[in-house]
Every structure is written in C-alpha cells, then in structure tokens.
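Modelling step: build the complete structure from the supplied sequences, incorporating the hints.
Mapping the sequence shown onto my numbering, position 87 (from 1) lands on 137, and the numbers just tick up by one.
Now the in silico label distances, taken between C-beta atoms and shown as ranges:
1) Glu225 <-> Gln60: 34 to 40 Å
2) Gly109 <-> Arg215: 38 to 44 Å
3) Arg106 <-> Glu162: 20 to 26 Å
4) Met51 <-> Asp208: 37 to 43 Å
Simulated from the structure, these hints should not be mistaken for laboratory data.
Computed from a predicted structure; not experimentally measured.
C-beta: ideal position from N, C-alpha, C; glycine also.
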Amino acid sequence: MIRVLLADDQRLVRAGFRSILEDEDDIEVVGEAADGQAAVAACRELRPDVVLMDIRMPGTDGLEASRVIAADEQLASVKVVILTTFDLDDYVYGALRAGATGFLVKDTEPEELPQAVRVAARGDALISPSVTRRLIAEFAGRVQGPNPDDARLDALTDREREVMRLVAAGCTNDEIAQRLVLAPSTAKTHVSRIMAKLGARDRSQVVVLAYESGMVSPGWLEQ
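This is how it looks when you write it as structure tokens:
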C-alpha cells in the first residue's frame with residue numbers, strides 16, 4: 051500500500067486529490083496539511099511514501115518544506131512531488147535541487163494522478179520527456195554555469211556516464227536498455243549505481259547534476 055500525504059492550502063484541491071486516490075486499491079491517503087510546516091510535521095509523524103506538495107502556501111512554503119524533508123535522514127524514504135501550474139513556476143527547479151522527486155502540473159488528468167504517485171513511490175522520478183524534461187532544460191540554463199570538474203563524476207565509469215546522459219534526457223530504464231543494447235535489469239543496475247556514487251536520493255537529482263555539471267545541455271538527444 052502506498053501511503054500519501056496531501057499538502058495544499060486549498061481544501062477543495064486536497065479533497066479532489068483524496069477522492070481520486072482513494073478509489074485506488076493500492077493507495078491510501080494518510081493525512082493532509084495546509085502549509086509547509088504542517089507538512090513536515092506530518093511527514094515525521096506519519097512517514098508517508100509520497101507527499102504531494104504545493105509550492106505556494108502560507109508561512110513555510112512547499113519549497114522550504116521540501117528542503118527540510120530532503121535534509122532529514124529519518125525521512126530519506128519520503129518522496130516529495132511538487133504541485134505546480136502549467137506555466138512553470140520559477141520555484142520548481144529549485145525544488146528539484148532541494149531533493150524533490152519530481153513535479154505534477156495541477157491540470158493533470160485525474161486518471162494520471164494515481165500513476166504519478168506510483169512512479170514516485172518506486173523512486174522512478176517524474177522525468178517525462180513531454181513535460182518534466184522541458185522544465186529542467188529551461189531552468190538548467192539559469193544556473194551560474196557548468197561545473198564539469200564536479201568530483202562526484204570522477205567515480206563514474208564511461209558506461210555509467212552514458213546512462214546518466216540518457217537519464218537526464220528523460221529516458222526510462224527500458225528506453226536506456228534499448229538505446230545501449232542492454233538488458234532492462236542491467237540498465238536499472240547502472241542507474242542504481244550512479245545514484246549511489248553521486249549520493250542522489252533519486253533520478254531527479256541525477257538529472258539536475260547532469261545539467262549543472264555540463265554533462266548534457268538542453269535538447270542534446272534531439273540534436
């Protein structure tokens with residue numbers, strides 16, 4: 051059973067998400083929070099698998115709450131999914147850097163919400179080619195410049211660097227396996243080893259590091 055916490059200052063939004071998710075046999079909404087401080091407290095008390103976190107809330111916002119959750123070793127298993135508007139909040143890239151697993155746009159089709167929760171719970175961050183990759187590519191250009199000498203990258207093999215570039219492009223493990231002619235299980239193992247070597251909580255942090263280090267640039271896979 052996937053345990054979900056809903057953090058949004060709008061009661062109607064929380065009620066809508068709860069209604070959708072509780073129709074699923076494998077998902078349980080274990081709590082709600084109306085601001086970031088309450089979300090952090092609920093995470094520590096309830097230990098949900100996934101938090102659906104709005105950014106713009108009174109008091110402690112979702113970005114700061116995401117940072118606090120990501121920095122708490124006791125909450126390492128909690129996956130934070132940021133809720134945002136489709137016009138790309140300036141805060142979202144910062145949230146991914148802070149340790150959020152991914153993001154959902156608030157006009158997501160209802161049937162897509164449970165699947166997004168399942169993806170996040172697995173640790174397969176919400177890095178879809180259609181939306182999330184575009185967001186990361188846009189905001190990657192706003193960082194202070196690439197850091198190709200990041201010491202964490204030195205631990206990667208050439209194959210792991212290839213895999214990391216494809217993760218940054220939004221490829222799933224199956225797509226990575228097809229492109230590199232590997233077994234899907236081998237691709238998954240490579241991704242797990244990359245995350246371990248980089249000290250990354252999930253795939254989103256791998257993506258962010260790939261852009262910030264200069265390993266990839268926006269749109270490189272289509273070039």
